[in-house]
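Chains as they are written, first to last, in UniProt numbering: chain Z, 1 to 271; chain X, 1 to 257.
Hints listed in this document are in silico derivations from the structure and should not be mistaken for laboratory results.
Because the structure is a prediction, the values reported are computed rather than measured.
Even for Gly, the Cβ is constructed at its ideal location relative to N, Cα and C.
Accuracy of the hints is not assured; some may be wrong.
[Claimed, not checked] To give an idea of the interface, some chain Z residues facing chain X are shown, with a C-beta separation under 10 Å as derived from the structure:
#, residue
1, 174
2, 178
3, 179
4, 180
5, 181
[Claimed, not checked] A short list of chain Z residues far from chain X (calculated; beta carbon distances all over 12 Å):
#, residue
6, 60
7, 89
8, 172
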Amino acid sequence: MNLKQTSERIRSLHQQYIASLKKEKRVIRLFQIVIFIAFFILWEAASRFHWVDPLLFSSPSAIWNLFVEKLGDHSLLTHTFVTLFETILGFIIGTVAGALLGALLWWFPRLSKTLDPYLVVFNAMPKVALGPILIVALGPGFTSIIAMGVIISVIITTIVVYSSFQEVDANYLKVLQTFGATRCQCFKEAVLPSSFPTIISTLKVNVGLSWVGVITGEFLVSKQGLGYLIIYGFQVFNFTLVLMSLLVIALLSTVMYQVVTFIEKKLIKHR
Amino acid sequence: MSFLVVDRVSHTYFTEKTAVTALENISLTVEKGEIVSFLGPSGCGKTTLLSIIAALIEPTEGAVFIEGKELDRFRPTAGYMLQQDYLFPWKTIEENILLGLKIMGRLTEETKRRALDLLAYIGLKGVESHYPSQLSGGMRQRAALVRTLATDPKMLLLDEPFSALDQQTKLKLEELVWKTLKEYGKTAVLVTHDIGEAIAMSDRIFLFSAKPGRIMHTFMVPDELRRLSPFAARQHPSFSALFQSIWKELDELETNQ
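Extracted from the complex, chain X is given alone in its bound form (with noise of 0.2 Å):
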């Protein structure tokens, strides 16, 4: 059996004037070590899904499995990454990034060590004690996954988790969460409306049609792609092929609407 099974899910939102469907018969797997991408325009409800994977809203129709069982609110298997950091601005970045394991009640001397060693394996030593306003963007951001990452979760959901930096800085930090998936292998669900980003990153990429949102198309990202960290992927000519694939599959999903 796959590590996620997504099973015929359904979402609608309601509103006291209107009723709109933001996820329609949406099914699929991940396996596990898997780094996939959700691609699409913007309101193809694939930030509803991440949020309905993550167990923050339930589907109207259909249900989740995480290694055969099924999501349960208060006990978490995905972590959550969000477009911006949300570092609580009040606590430090200790604090911070061992806020996880405190709200489930596992801090103990060897987890918190363990997130410490992760904000030192991630080029954050030295800033345990400084607060979130005192750091950079990405320095914020990967503070941001090191918090994620502390409890361990069993597969992490990455909700446009680049959007905000500069172009710089997010190719820097593609290739620090990708090495740290694989390293610590990690399942992953990615969300972007960036085409390079999901072909550099990810193994297979769903792409999303909008209003309502479904799986138009799967696209396998080839071997040697899959092999080579985003960085040297993007630099590779299979990738181009890709991209212009893509490309043009999201061209005529937008024309045909």
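If we strip away everything but chain Z, and leave its shape as in the complex, we get (with noise of 0.2 Å):
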């Protein structure tokens, strides 16, 4: 009977707590609501009442009246389209180049002591800086583009993929070898699954970095895409297109980011 009791007590006493858990998250999830809202709203009546200069900062509602008119003449949609794409792609290139690079590197250590001041130098340096002779060599298009958000992503992927490679635990090897293992095998077995964890993180780098590369190249090329409707704006001074423009690439960029998250969930599950 007391035993019952106990086990009853503990029970409440469990719910009570993850009611807690459960109210602190719906408090935490009002908080963000109302900045969201307030952030708006103020916006709004700042550039209505002039507190602001509306010509510079434009509006909620100004904003969201080009962007449907925007949407209805489809122009909105063809640059998103061509961004997105331009991005996507720049993203699965470089992550997928630099970490072809990272092994090679790991696979032939003379050819990573070789390069490694080569690699140093083309780090540090603003990839950005490179784009007119990109645009010279690959002409004005979205070649061009894409090789922006490549060239941007390339070298550190490549570099935080090399060094995870490396750090791989040395006892992993030594049980592989114990077998017999090859080096391809050691690659195979070892290497490349405990170095996922550190990959798919440079992924949500790359998401970032891409974006940067695919909009400064816009920038260059001004052809289409939201970089150049960026570009545009600014030059035209419509700032409430420049706006507009960076709350789509705002919205598209989390939520490529929550992709890459949710592959991060599926993938690693058992560390």
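Take the two lone chains, each set in its own frame, and fit them into one complex as the hints suggest.
Below is the structure:
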């Protein structure tokens, strides 16, 4: 009887604990929503009552109207699609090429020692400065924009992936070597899977980097895409267009980041 | 000819600034089915010698023969068990214990069934689809033993395999490993710094001195202890006599340095 009472009590305490956790979550979510709404209301008000210059800072309602209008004539969808395509392609190529280069460096230690100073220089250099050269070399089209997205992420990916390959616990390799494993088997069974978390976390960094590369590329090429809309809006002093493009980019990059987080959760279960 | 022959092996580790001799002129033989221990203070090169026998490193001088044949890095004849289990955390227990067979290209229905039988024999039935993180330390070390035995190696090299476990688990595992080795008639080399463990587990004990590693003394474990399992051996009156004489020898080694 007494035991039963104790377990009843523990169960009700546990439920109280769960309820308090849920409550805390709800409070946080509420604050987040309040900040979101307050920000836009304040922005709208500031613009309406000329606390700030509406020509420079536009207003949420103006942005929304422009958004609906541009959606209607399909121009926004085209620009968004172009940018998204370039970013995803730049992201994938940059990550895959970086990982492959990292593997190559791991495979040939002499190569990595030789290339080390060049990697350092190339990593330290602002890749955006290569933009004009890329456009001359590859033509003012989407090839140079994608190249921009790739070049900005590939070296840092190479460096991070290579160093995570090197940090593999030597004892895992020892286990494999006692079975007579070749270098290829060591890579496949221990080096690659144990570096998975690092590779995934470079994916997250690369999402941001490829957006930077692609938008900069579109600034320079100025043909189409959200980066082009921003630079165009700036030139004709239409800051509603600039801010609208910015909001679309913010939304899309967040979605892309969430997708990578989802993939991360799927891939890394048992660590 | 003996099963394992270590012939005048010396090994020196080189770095830019130093040349440290870990082993100096080691010669020994181990017979088939025998369990021997390498006992000594840390830094006496016992793990180095084990790595040489496992063909993981090549000795600076000398050679090692198993059944009269020189070692081949890509055709290992010895199974190696490390201080910690080093089960691959991203693989299930089943994938882990089949790893050796897979690497050696010997994974068939038959070898797989044998490995799973071994897992059941060692008391781990039903954890095949678990991940190592779901198992306790003792269970993981047992799974690592199955991984080592699954390839049916001619001999077993145990590098302080019980030192990371708590006392109770350690005693139980000593018992299990000893029984498994005897059951399958395996030759084994155990590296340890635990005198009791060396006496309880082995037939012969090589006592090493440190810096550089040399064999100072070979102790024969008396017949009455060899026949007993580790736990029973620890209770036998001859146990403490041998313990005392090894202790004295080790103590003298230390004071002489």
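(message) At 12 Å, judged by beta carbons, does residue 89 (chain Z) keep clear of chain X as stated?
(response) With a cut-off of 12 Å, residue 89 (chain Z) remains clear of chain X, as the shortest Cβ separation is near 30 Å.
(request) Under 10 Å, Cβ to Cβ, is where residue 178 (chain Z) needs to be relative to chain X, so tell me if that hint holds or is violated. (result) holds, 4 Å
(message) A cut-off of 12 Å on Cβ-Cβ distance, and residue 60 (chain Z) was said to be off the interface with chain X. Does that hold?
(response) holds, 47 Å
(request) Confirm or reject the statement that residue 172 (chain Z) sits farther than 12 Å, beta carbon to beta carbon, from all of chain X. (result) violated, 6 Å
(message) Given residue 181 (chain Z) as an interface hint, is its Cβ closer than 10 Å to any Cβ of chain X?
(response) holds, 5 Å
(message) Please check whether residue 179 (chain Z) passes as an interface residue: C-beta within 10 Å of a C-beta belonging to chain X.
(response) Constraint on residue 179 (chain Z) satisfied, holds at 4 Å.
(request) For the hint on residue 180 (chain Z), just tell me whether its beta-carbon gets within less than 10 Å of chain X. (result) holds, 5 Å
(message) Min Cβ distance, residue 174 (chain Z) to chain X: is it shorter than 10 Å?
(response) holds, 7 Å
In summary, the structure is inconsistent with hint 8 from the numbered list given earlier, while agreeing with all the others.
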